[in-house]
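Dock chain B against chain A, hints included.
Chains as they are written, first to last, in my numbering: chain A, 1 to 263; chain B, 1001 to 1301.
Any given hint could turn out to be false.
Unchecked claim - Some, not all, of what chain B presents toward chain A, calculated at C-beta under 8 Å:
1. His1156
2. Ser1175
3. Asn1177
No lab work stands behind these hints, which were simulated from the structure alone. Only a predicted model underlies this, so the values are computations on that prediction, with no experimental measurement involved. All C-beta atoms in this analysis are idealised placements derived from N, C-alpha and C, irrespective of residue type, glycine included.
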Amino acid sequence: MLDVRNARATFLRGTPNERAALSNLSLTLEGGEFITIIGSNGAGKSTLFNAISGSLLLDSGSITLGGEDITWKLPHERALSIGYLFQNPMKGTAPNMTIAENISLAYSRKKIRPLRKGVSKGDLDVFRDMLARFGMGLEDRMAERAGHLSGGQRQALTLLMATVANPSLLLLDEHTAALDPAAAEKIMGITNEIVAERKLSTMMITHNIQQALRFGSRTVMMEDGSVILDITGPERSGMTVHRLMELYSGRARRELDNDRMLL
Amino acid sequence: MTLFAGSLHLGLIYGLMALGIYVTFRILNTPDLTTDGSFTLGLAVSASMTVLGMPAAGLVLGIACGALAGAVTGMLQTKLSIHPILSGILTMSGLYTVNLFILGDRSNLSLLGTKHLFSYALAMFPGVGKDIVRLAVAALLVAACLAALSWFFGTHAGLCIRATGDNDDMVRASSINVDRMRIIAIAISNACVGFSGAVAAQYQGFADIGSGVGMMVVGLASVIIGEIFFGRRSVTAGFLSAVCGSVIYRLIIALALKSDFFPAYALKLVSALIVTVALALPAARERLRVARLRKEARRDA
Chain A
1 MLDVRNARAT FLRGTPNERA ALSNLSLTLE GGEFITIIGS NGAGKSTLFN
51 AISGSLLLDS GSITLGGEDI TWKLPHERAL SIGYLFQNPM KGTAPNMTIA
101 ENISLAYSRK KIRPLRKGVS KGDLDVFRDM LARFGMGLED RMAERAGHLS
151 GGQRQALTLL MATVANPSLL LLDEHTAALD PAAAEKIMGI TNEIVAERKL
201 STMMITHNIQ QALRFGSRTV MMEDGSVILD ITGPERSGMT VHRLMELYSG
251 RARRELDNDR MLL
Chain B
1001 MTLFAGSLHL GLIYGLMALG IYVTFRILNT PDLTTDGSFT LGLAVSASMT
1051 VLGMPAAGLV LGIACGALAG AVTGMLQTKL SIHPILSGIL TMSGLYTVNL
1101 FILGDRSNLS LLGTKHLFSY ALAMFPGVGK DIVRLAVAAL LVAACLAALS
1151 WFFGTHAGLC IRATGDNDDM VRASSINVDR MRIIAIAISN ACVGFSGAVA
1201 AQYQGFADIG SGVGMMVVGL ASVIIGEIFF GRRSVTAGFL SAVCGSVIYR
1251 LIIALALKSD FFPAYALKLV SALIVTVALA LPAARERLRV ARLRKEARRD
1301 A
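Just chain A, with the same shape it has in the complex (with noise of 0.2 Å):
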């Protein structure tokens, strides 16, 4: 499905300041597999998902979708296939167009004929439905400005946007992060019901680390810009947040003491 392979990409190239924010790493995420990524700030998790989607190319190494190589490719082209849920609610939406026309945008990306009508009857019937499931009230209100929802509520429009056109990789960065923590359950459990029922191939990261096992199929942790711990099936699910916090700062200590025996 999806296969990074030796990706490598560098910040502040050529300053005292360069770092590697990705070091010769490779993934492989198999059709509807559900990865939650964990890791601290400047693991590289958002690097890799800004890889992923093409807002950064990479310095060395491959990326294939479903078959494709995509390494290349630009950002708009590879959102064909991929779908982006930003930790920021405002991101995702247009604020001064319409519930319905932001909607639109996201529907008809695959079948563009650019002078038909925006938004037609017919699909207003068929986003009314598909609003109605997130139990929100927000199929009353498809002629308002997008601006005028609370976070919770523009998150779940980004999400059904980001999932309308069927991806076959969808990518969520810390998504529920800014929401309050009643919000941030329901977009979850919408998050889980779409991906679960259209079998849907997902990538997210997460600083919850309950989160990151309760939901998903695998866990991946990343640390210095390369994957340090990938657990699935048995070892997953005997897993607890206290024995990956341990195995966390374990990894962390020992870096300490290689860089105290380098002093």
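Positioned in the frame of chain A, the structure of chain B alone reads:
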């Protein structure tokens, strides 16, 4: 009556330009300075073609050349990543030479004695008053332009352009080519501006190389005045209010000139002041609100 009729004519003709300004300033959210150059471009092309005996072709070419100038600015902005304001300035400066070339290395060209759009219309309806015929022609052109624009911005492509001005991250994530949308939008905007210049040339009967100076500010003033009267609503309402704003702007200017309130050459300064005040209003309102809150807090303490 003539004063009122003249303002109405000019308001409608320059309203075509206000429509273009609305596209860049309000829909794309990027002020575009190409306007000053593309207005004169439309004017020069239209005047030259009229002298050659082809006034209708002059209008069509005015639109096409305006669109081309806009596309150049759009490419500078997107393909070469030059700052939007600077891109517009570069195109505008370059157009000065192009415009002089089109006018045949002259700074103005008179249409005296030639047949043009308005003289044809007058000949067609001999019994009707001059002002009414001119008004009808201008209104017809504006209506056609308005209808085309509101249709286009309701289509899928139009939605994409509106979203590009609103949130380009979201547009990219919806697999739309943001660069292409920007180029198309700026081209459409300057097509309107070029059209406005082309009609203006045949209305006033001459083309002058300096006609475009400050045109963008005049367009902004029209859009903003329209919004003061009609508020900010849907895109179609926005287009309509831009044209109305343009007419109101011309009326204000005509009244002020007539009452010897200020001399004719003060026009551009007044336009700049109108735009400045309108753009400063939200910030001024906020300052006033904070000052009032502070005063109340001090009194309660």
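Evaluation of the provided hints:
no.	hint	result
1	His1156	holds (5 Å)
2	Ser1175	holds (4 Å)
3	Asn1177	holds (5 Å)
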